[in-house]
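J.: Below are the chains, spelled out letter by letter.
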Amino acid sequence: MSMLQTVLALLRRELTLAMRRRGDVLTVLFFFVIVASLFPLGVGPDAKLLRLMGGGVVWVAALLAAMLSLGRLFANDYADGTLEQLVLSPAPPVVWITGKILAHWLVSGVPLILMAPVLGVQYGLSSEALGVLVFSLLLGTPVLSLIGAVGAALTLGLRGGGVLVSLLVLPLYIPVLIFGAGAVDGAMAGLGAEAHLSLLGSILILAFLLTPWAVSAALRISIE
Amino acid sequence: MLEGKDLACVRGERTLFSHLNFILREGELLLVQGANGSGKTSLLRMVCGLLAPEFGDILWRGEKIGAVREGYHAEMAYFGHAPAVKEDLTAFENLDFACRLAGNPQGRDEVEGALGHLGLGHCLNLPAKSLSQGQRRRVALARMLLVKARLWILDEPLTALDQAALQLVQSLIGEHLQQGGMALLTTHQPVAIAGVEPRILKLTP
Amino acid sequence: MMNSLNLYKYASPATFYDLAGRMIPWFYAAAALLGVAGLYIGFFLAPTDFQQSEAYRIIFIHVPASWMSMFIYVVMAIWAAIGLAFNTRLSFMMASALAPTGAMLTFVALWTGALWGRPTWGAWWVWDARLTSELILFFLYVGFMALQAAIDDPRRADRAGALIALVGVVNVPIIYFSVRWWNTLHQGASVSVSKAPSMASIMLAGMLVMAIAVWMYAIAAALSRVRSIILERERNSQWVAQLLEGKA
Numbered sequence: 001m002s003m004l005q006t007v008l009a010l011l012r013r014e015l016t017l018a019m020r021r022r023g024d025v026l027t028v029l030f031f032f033v034i035v036a037s038l039f040p041l042g043v044g045p046d047a048k049l050l051r052l053m054g055g056g057v058v059w060v061a062a063l064l065a066a067m068l069s070l071g072r073l074f075a076n077d078y079a080d081g082t083l084e085q086l087v088l089s090p091a092p093p094v095v096w097i098t099g100k101i102l103a104h105w106l107v108s109g110v111p112l113i114l115m116a117p118v119l120g121v122q123y124g125l126s127s128e129a130l131g132v133l134v135f136s137l138l139l140g141t142p143v144l145s146l147i148g149a150v151g152a153a154l155t156l157g158l159r160g161g162g163v164l165v166s167l168l169v170l171p172l173y174i175p176v177l178i179f180g181a182g183a184v185d186g187a188m189a190g191l192g193a194e195a196h197l198s199l200l201g202s203i204l205i206l207a208f209l210l211t212p213w214a215v216s217a218a219l220r221i222s223i224e
Numbered sequence: 001m002l003e004g005k006d007l008a009c010v011r012g013e014r015t016l017f018s019h020l021n022f023i024l025r026e027g028e029l030l031l032v033q034g035a036n037g038s039g040k041t042s043l044l045r046m047v048c049g050l051l052a053p054e055f056g057d058i059l060w061r062g063e064k065i066g067a068v069r070e071g072y073h074a075e076m077a078y079f080g081h082a083p084a085v086k087e088d089l090t091a092f093e094n095l096d097f098a099c100r101l102a103g104n105p106q107g108r109d110e111v112e113g114a115l116g117h118l119g120l121g122h123c124l125n126l127p128a129k130s131l132s133q134g135q136r137r138r139v140a141l142a143r144m145l146l147v148k149a150r151l152w153i154l155d156e157p158l159t160a161l162d163q164a165a166l167q168l169v170q171s172l173i174g175e176h177l178q179q180g181g182m183a184l185l186t187t188h189q190p191v192a193i194a195g196v197e198p199r200i201l202k203l204t205p
Numbered sequence: 001m002m003n004s005l006n007l008y009k010y011a012s013p014a015t016f017y018d019l020a021g022r023m024i025p026w027f028y029a030a031a032a033l034l035g036v037a038g039l040y041i042g043f044f045l046a047p048t049d050f051q052q053s054e055a056y057r058i059i060f061i062h063v064p065a066s067w068m069s070m071f072i073y074v075v076m077a078i079w080a081a082i083g084l085a086f087n088t089r090l091s092f093m094m095a096s097a098l099a100p101t102g103a104m105l106t107f108v109a110l111w112t113g114a115l116w117g118r119p120t121w122g123a124w125w126v127w128d129a130r131l132t133s134e135l136i137l138f139f140l141y142v143g144f145m146a147l148q149a150a151i152d153d154p155r156r157a158d159r160a161g162a163l164i165a166l167v168g169v170v171n172v173p174i175i176y177f178s179v180r181w182w183n184t185l186h187q188g189a190s191v192s193v194s195k196a197p198s199m200a201s202i203m204l205a206g207m208l209v210m211a212i213a214v215w216m217y218a219i220a221a222a223l224s225r226v227r228s229i230i231l232e233r234e235r236n237s238q239w240v241a242q243l244l245e246g247k248a
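Residue numbers (my numbering), protein chains in the order written: chain P, 1 to 224; chain Y, 1 to 205; chain R, 1 to 248.
Hints should not be assumed to be uniformly reliable.
What the hints assert, rightly or not - Which residues of chain Y face chain P? A partial, calculated answer using Cβ under 10 angstroms: (1) Leu50; (2) Phe55; (3) His73; (4) Glu75; (5) His81; (6) Glu93; (7) Ala98; (8) Gly103; (9) Pro105; (10) Arg108.
Unchecked claim - Some, not all, of what chain P presents toward chain R, calculated at C-beta under 10 angstroms: (11) Gly151; (12) Ala181; (13) Glu224.
Stated by the list, open to error - Beyond 10 angstroms from chain P on every Cβ pair, some chain R residues (computed): (14) Tyr28; (15) Ile41; (16) Phe177; (17) Val240.
These aren't lab readings, by the way, just hints derived from the structure by calculation.
None of the values given here were measured: they were computed from a predicted structure.
All residues carry an ideal CB built from backbone N, CA and C; glycine is no exception.
The whole structure should be built from the sequences, with the hints applied where relevant.
T.: Right under this line is the structure:
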């Protein structure tokens, strides 16, 4: 019961902080929109081509946006000493780490999911594919926050940490990208998206079970 | 009882200290002294459990702190270099969260009382970014009062405080010890706490 | 008093430094001999492939390099796990010493893959499942090395690197599976390296000899790198000072 209370208190604090720093949330969201809007300018406005790449482009943009938002997962808490207090709290580390990742997803993952259909429409995705896009992001973006947390924890306080975290984390994001974008492609081609989505779901379960432990170990290493 | 046995600390390539032993009992104050870079902060972080000793063990009530981590951290409060005060939250929100995190939620009145004790009663609803460094450190000290820990680990609690606050903090430590608490602290200032003869731990390489 | 502590902690790197120094020449010699033998078999004894003509001979370098590049990552992760579990410095050093060799072999595999792809597929690069996985493996090596390079404190560098190696090794099968899935779905390149229907036994022999040569080379390279890491880490210790005096 007290563990749940810890997580709830943490969530409330994180969301309050995000509300008071709305700019940070919006920056990531607009980054997502801009990246997705650059592709048609790069490859030309051919509607058929765009329809073909739409799912992949939105997913790549989501990957990059998620990666960009990792900076505020632990870095601020590390700088002002709050992270030490979290580590020293009697609550099991895995509990509050899961809470922090959940808060990060609510603040930086969910806005991407809400914005994605608008971008999908820009690429002429069918309404069925739009639904699959949203659902695949719903399953996939938490994985991005979970895996990203390991990278964020390992690069805590390092010079050039932002670029470094992308080197560490992006290769690990590849399966999510493949199954997420594949689901949208499958829906566009009328092949169905169930297989992709269930694989994405199993990755989510696996990441949810494993990454908090890795993050806990990584934080101990970095805080020492 | 807190006990350090044969502790050694290596940072990078330097051995900061080795074969360090200490015992801290209820109602006692242990003053860690040493030059800059002698490993005072490292020792305190080690005692907290943030830093693994290169050698030796730290025992809480006779058991290694790693083995009784949850219970140990429930009874310990750490005041580090960074005050752990979020700029975007008010003093109340900061302390409220700290208490909940420590598994010891407190009402608004208690929080206001603790802040008032440290002369910050009027700052309850001010965002921490409008507070000075010294005031933020006092908010962090109010946290120590609120979480009701038995063992206080204080890293330079007396810096950036004015004369009145210095007296106040020392008397707070005194009260804590009288109630059977323990305190481990580093400071460069002279410490004078009524009725307490601090034990000195000198760090030499 | 300090001496006993130092001896306890540093004894094994010091003895290992010595042992490795004596072993390295043997491994290099074995690598050179086997390499020459393997290349001779591959380039002169093995028959010409009637489908791919002479170009196929690059697989005598490509296949051993890519085998070894994957294997080294696993070995690296094992050393990392041992280091994290038992807090042994030498294991961390082994893991960091293996990474550049692994990355280099990954690069060789990619490079030779491109050289082979040009005459065979008509393109330098094809998004074939194996090549793509190899490319991602290269990224994982680069990430490991970049992380260690960014951390000044050796203890933190060791542990952080070990953790990312472990996270990587857990992910490698998932990545490999997802890339194959992606590849079959998009039906890009369908030619696969293992397609050679009946590999002549002389070809297989050449490949195995080359694989062992790469093994020997990787061991020798990793050991000499461990030696430099040991020297760098322990430059202030007594035995290194004695070693340097002896040489001067």
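J.: Going through the earlier hints one by one, which of them does the structure break, listed in rising order?
T.: Hints 2, 10 and 16 not satisfied by this model.
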